[in-house]
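Q: If you read the protein sequences in the order shown, they are chains A and B. Using numbering that gives the first Met the number 0, the first residue of the first sequence is number 0, and each one after it goes up by one. Using numbering that gives the first Met the number 0, the first residue of the second sequence is number 0, and each one after it goes up by one.
Possibly wrong hints are sitting among the right ones.
[Stated by the list, open to error] Quick list of simulated restraints, FRET-style, between CB atoms:
| no. | chain 1 | residue 1 | chain 2 | residue 2 | range |
| --- | --- | --- | --- | --- | --- |
| 1 | B | Asn150 | A | Met239 | 54 to 60 Å |
| 2 | A | Val24 | B | Pro383 | 30 to 36 Å |
| 3 | B | Asp117 | A | Pro93 | 55 to 61 Å |
| 4 | B | Gly252 | A | Ile60 | 54 to 60 Å |
| 5 | A | Val24 | B | Asn150 | 55 to 61 Å |
| 6 | B | Gly217 | A | Gln3 | 33 to 39 Å |
[As the list claims (entries may be wrong)] Covered by chain B, per the in silico footprint, the following chain A stretches (three or more residues, Cβ under 8 Å):
| no. | region |
| --- | --- |
| 7 | 11 to 22 |
| 8 | 318 to 329 |
| 9 | 423 to 435 |
Source of the hints: derived by calculation from the structure; they are not laboratory data. This structure is a prediction, so every number in the text was calculated from the model and none was measured. Yeah, the Cβ is synthetic: ideal placement off N, Cα and C, and Gly gets one too.
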Amino acid sequence: MVSQPIDALLSGAPRAVNIGVEQFVRPLRAWDSDILSVDWAPPPGGIPLAQALDRLEAPEIAPRIEAANARVVERFLGARPALVDVQPAAQIVPLLRERALLHAGPPIVWEEMTGPMRGAAIGAVLHEGWAEDEQAAEAMLGAGEVGFTPCHHVGGVGPMGGITSGSMPVLVVHDTAWGGRSFCTLNEGVGRVLRFGAYGPEVQRRLGWIREELGPIVGRALRVGGAVDLASIMARALTMGDELHQRNTAATLLLLRELAPRLAELGLPGAQHRTVLEFMAGTEQFFLNVAMAACKVIADAGSAVGAESSIVTAMARNGVAFGVRMAATGDRWFTAPVNTPRGLYFGGYSQEDASPDIGDSAITETVGLGGFCLAAAPAVVPYLGVGGFDEALVISREMQTIVAASNPNLAIPALDFAGAATGIDVRRTAATSVEPIINTGIAHRSAGVGQVGAGTVRAPLACFEQAVLALAETVV
Amino acid sequence: MMPIAGLVKPNTYRDSVALMLVSTKLAEMPGVAQASAMMGTPANKEILAATDLLAPTLEHARPNDLCIAVDAADDDTLERALRNAESLLAGGAAPAGTVLGSTRRPRTLEGALRDRPDANLALISVPGEYAAFEARRALRAGLHVFLFSDNVPLDEEVQLKQLAREQGLLIMGPDCGTALIAGAPLGFANAVRPGKVGIVASSGTGLQEVSCLVHRLGEGVSHGLGTGSRDLWQEVGGTSFLTALDALAADEGTAVLTLIAKPGAPEIQELVYARLAEICKPAVVYFLGAVATPPTASDELVFAADLEDAARCAVALARGERPSAAGTSRAPVEKLARRLICGLGPRQKSVSGLFAGGTLAQEAAAAIRRNVRGDPPSAPQANPGEVLHLASHRVLDLGDDAYTRGRPHPLIDPRLRNEELVAQAASGTVALFLVDVILGYGTHAEPADALSGAVARARAAALEQDAQLRVLASITGTDDDPQGFGRQRRALEKAGVVVAESATEAGLVAGLVAGLLSSAA
Numbered sequence: 000m001v002s003q004p005i006d007a008l009l010s011g012a013p014r015a016v017n018i019g020v021e022q023f024v025r026p027l028r029a030w031d032s033d034i035l036s037v038d039w040a041p042p043p044g045g046i047p048l049a050q051a052l053d054r055l056e057a058p059e060i061a062p063r064i065e066a067a068n069a070r071v072v073e074r075f076l077g078a079r080p081a082l083v084d085v086q087p088a089a090q091i092v093p094l095l096r097e098r099a100l101l102h103a104g105p106p107i108v109w110e111e112m113t114g115p116m117r118g119a120a121i122g123a124v125l126h127e128g129w130a131e132d133e134q135a136a137e138a139m140l141g142a143g144e145v146g147f148t149p150c151h152h153v154g155g156v157g158p159m160g161g162i163t164s165g166s167m168p169v170l171v172v173h174d175t176a177w178g179g180r181s182f183c184t185l186n187e188g189v190g191r192v193l194r195f196g197a198y199g200p201e202v203q204r205r206l207g208w209i210r211e212e213l214g215p216i217v218g219r220a221l222r223v224g225g226a227v228d229l230a231s232i233m234a235r236a237l238t239m240g241d242e243l244h245q246r247n248t249a250a251t252l253l254l255l256r257e258l259a260p261r262l263a264e265l266g267l268p269g270a271q272h273r274t275v276l277e278f279m280a281g282t283e284q285f286f287l288n289v290a291m292a293a294c295k296v297i298a299d300a301g302s303a304v305g306a307e308s309s310i311v312t313a314m315a316r317n318g319v320a321f322g323v324r325m326a327a328t329g330d331r332w333f334t335a336p337v338n339t340p341r342g343l344y345f346g347g348y349s350q351e352d353a354s355p356d357i358g359d360s361a362i363t364e365t366v367g368l369g370g371f372c373l374a375a376a377p378a379v380v381p382y383l384g385v386g387g388f389d390e391a392l393v394i395s396r397e398m399q400t401i402v403a404a405s406n407p408n409l410a411i412p413a414l415d416f417a418g419a420a421t422g423i424d425v426r427r428t429a430a431t432s433v434e435p436i437i438n439t440g441i442a443h444r445s446a447g448v449g450q451v452g453a454g455t456v457r458a459p460l461a462c463f464e465q466a467v468l469a470l471a472e473t474v475v
Numbered sequence: 000m001m002p003i004a005g006l007v008k009p010n011t012y013r014d015s016v017a018l019m020l021v022s023t024k025l026a027e028m029p030g031v032a033q034a035s036a037m038m039g040t041p042a043n044k045e046i047l048a049a050t051d052l053l054a055p056t057l058e059h060a061r062p063n064d065l066c067i068a069v070d071a072a073d074d075d076t077l078e079r080a081l082r083n084a085e086s087l088l089a090g091g092a093a094p095a096g097t098v099l100g101s102t103r104r105p106r107t108l109e110g111a112l113r114d115r116p117d118a119n120l121a122l123i124s125v126p127g128e129y130a131a132f133e134a135r136r137a138l139r140a141g142l143h144v145f146l147f148s149d150n151v152p153l154d155e156e157v158q159l160k161q162l163a164r165e166q167g168l169l170i171m172g173p174d175c176g177t178a179l180i181a182g183a184p185l186g187f188a189n190a191v192r193p194g195k196v197g198i199v200a201s202s203g204t205g206l207q208e209v210s211c212l213v214h215r216l217g218e219g220v221s222h223g224l225g226t227g228s229r230d231l232w233q234e235v236g237g238t239s240f241l242t243a244l245d246a247l248a249a250d251e252g253t254a255v256l257t258l259i260a261k262p263g264a265p266e267i268q269e270l271v272y273a274r275l276a277e278i279c280k281p282a283v284v285y286f287l288g289a290v291a292t293p294p295t296a297s298d299e300l301v302f303a304a305d306l307e308d309a310a311r312c313a314v315a316l317a318r319g320e321r322p323s324a325a326g327t328s329r330a331p332v333e334k335l336a337r338r339l340i341c342g343l344g345p346r347q348k349s350v351s352g353l354f355a356g357g358t359l360a361q362e363a364a365a366a367i368r369r370n371v372r373g374d375p376p377s378a379p380q381a382n383p384g385e386v387l388h389l390a391s392h393r394v395l396d397l398g399d400d401a402y403t404r405g406r407p408h409p410l411i412d413p414r415l416r417n418e419e420l421v422a423q424a425a426s427g428t429v430a431l432f433l434v435d436v437i438l439g440y441g442t443h444a445e446p447a448d449a450l451s452g453a454v455a456r457a458r459a460a461a462l463e464q465d466a467q468l469r470v471l472a473s474i475t476g477t478d479d480d481p482q483g484f485g486r487q488r489r490a491l492e493k494a495g496v497v498v499a500e501s502a503t504e505a506g507l508v509a510g511l512v513a514g515l516l517s518s519a520a
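Take the sequences, apply the hints, and build the full model.
A: This is how it looks when you write it as structure tokens:
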């Protein structure tokens, strides 16, 4: 008996894929002009990783993972984040009612923190009035009198250092489809800012204004005028040149279009009304923090149904370690040393000054935005130090090879309206050795200096390899 | 002591054949004594250390780092060699996407199948320890597999073949050097015209030699399916061999079956015979060192005596003629043997076979054994590449793992054989050298030229010992091969090499020469 496939094999020239020696391709071309050659290399994770991937590909296991991934993808694609309120962080996170701070990335202790996070922590201690001055704040932090918890552990995210204290107002985002909630601090604007580790009087003044005026006013506008649907703003912004990580110009204006009438309802004094509008209009990255909270609520919606799923539900950096969470293993972090971003620098600064990768903003890439749809934002491509728009297209396509789905709600015009590559699959990442790309701001390595550039950074492969090994052990 | 230099290219991968080509090019540079490019695996570093090439800079290389080691006359040469290595590696890199928005080459089979969803065959030649993973992935994806990689553990081979059978797929290999699917060459294959003869073979060079002879005799090949050298072993159970046999039996384009196998388990050979009995197509069988009792031969079932005989019988059957499995004819062979020993020096008493093809080496060894009375070797051969050591006669399979570990296969790189030829000629005791020249896709571009230089040096070395150099070669190839059978033959004859009509004939001549020398002694 001859099987149908074997019969078909002998019925004409083969249609081949070559894996290995390149010399075998050329002679075959005369018979098989479409022969494809895999750019093969041994996996850096070696035989143990190859064994784990092999196990996950077994016919009794692979369909279960695929089914789990389909559930997570359904959540990612169906989530409907809405900006509902602005509240002091302590209202949302009870532990911030004590002497405690939130930080970006996986867990880290004060002694190991890098410049930007330390500077922001000092700034937060001063902002909360727990210490008189910088020295006292540092002594207090050094003595372990302030507790630290990752934003991700309490359902939130924070930009760069991610330092969040109890009195800071946070944007509250609800998922009207699946019911989750997340939060993120408000964007402080440009220049010397806490998220990059600056904590001087100028920073303190602005933090005070955000706490006393901006936060409460925006909160009231939302409560009075109703929640703002973020899913539609994000989808539209993607067709207007934003990738929602390094460029939020369109999204910020779209948000302002929603907020302005709501603000007008409040009957604010003219000067205050004007200051609030001017700040939002002048802060092109204002929407980034909104987008981060939205992405967090989307990722958590997937995580909630993630048993046996190989999809990434968080990527975050604390300046020392890069952490990845996978749906199948819930809150567990897979960590590896962070890479240092590459990109373009403001005048007077160089790669030497760059802080290692930091911040929770990679939550945008986690759900398919930022670097994963770089092709949506031609304007920032040169600014990020990527080779050119061609390279941006190549990168966007490359990211499609490591994800589970493309999001039809997030169409990218330059990719012929292909949906954003969504749902990083740890199996594909480990098998291809394609490290997820992240668009990022670059902080100065010393506390207090602030942003020195912008660029891209790759998520370390080792995190995804660990996740694959863990998944192979988990799924039995 | 000549200076050594090492260069590490971190996280740079090239396949072993690409690296061997780099090694060969570097070693050919004037002033370079030896050179090696390989991945920095522990095993490879051991090889470098064993050949005094492990420069200090290479000691900490990791498995994903590419290592280049050069041993040269002086520092200038070293520097030039390393620069040359860099440019050779750059030239060998895969072309990056240059079209606007083009995609990079896929990194995995999954990615490749996205671009080519109708693919039906995977050619796999990655390092042995990863080969089974890739092959299993391909089979699970419903692809047939041509598995060139060797060093795949036997239990993995058994599992892969089991999986292939369950899926109704054909797996050729592991350790499958060649195949022809409807004329399309896989691995090291020759340009053979399409025709009615279908070949199943567990011997790569056996398949190449028979397919070329069928072509040179004027007929053609429908398909040549390799199975890997261990397929007829007890553990593997002939899975691929039987699948391939059934496939050719059902194939409309195949009129004559030709089965060529390396030694295997008798039970498995019987299984093949039993299957043949159910097939109503004429068949030619040539099992090297057959152990099972074959069924009765008939006009439709021929047991060939050697490779050439197998090809001739297959051609006869394809033409509807009655085959005579008489073995390759003796008369011209004997004449040639007598001519070759004319005028030899008094110390020239031995035959030396230097082979690239394992099956060809075995056939020659068998011919010598038949003609030379002598004590069979008392102990197992010390060198696994030594196919025969009987009286003073020796046959080496230079394609054996013992010789190719960390070095290019002689199909690609003739240096090892050339060195051996010159060194043995200088002893003045070899009466006849026997070599195989294998043409086809992927092998050395000008093998006759490469051999001719060595032959001239060997002749000079022999003359110093008052000895005559006699070299008898066979050429496995066709005129359609990139190297051209006729062109290679003329080049060899110009260099004073006697070219036999087939590898079988060369072996028979060598056997007779060995017999004549031994009886004279």
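Q: Now look at each hint and say whether the structure bears it out.
A: Going down the list of hints, with the structure as the test:
no. : hint                              : verdict
1   : Asn150(B) x Met239(A): 54 to 60 Å : holds, 56 Å
2   : Val24(A) x Pro383(B): 30 to 36 Å  : holds, 32 Å
3   : Asp117(B) x Pro93(A): 55 to 61 Å  : holds, 58 Å
4   : Gly252(B) x Ile60(A): 54 to 60 Å  : violated, 41 Å
5   : Val24(A) x Asn150(B): 55 to 61 Å  : violated, 22 Å
6   : Gly217(B) x Gln3(A): 33 to 39 Å   : holds, 34 Å
7   : 11 to 22                          : holds (count 12)
8   : 318 to 329                        : violated (count 0)
9   : 423 to 435                        : holds (count 5)
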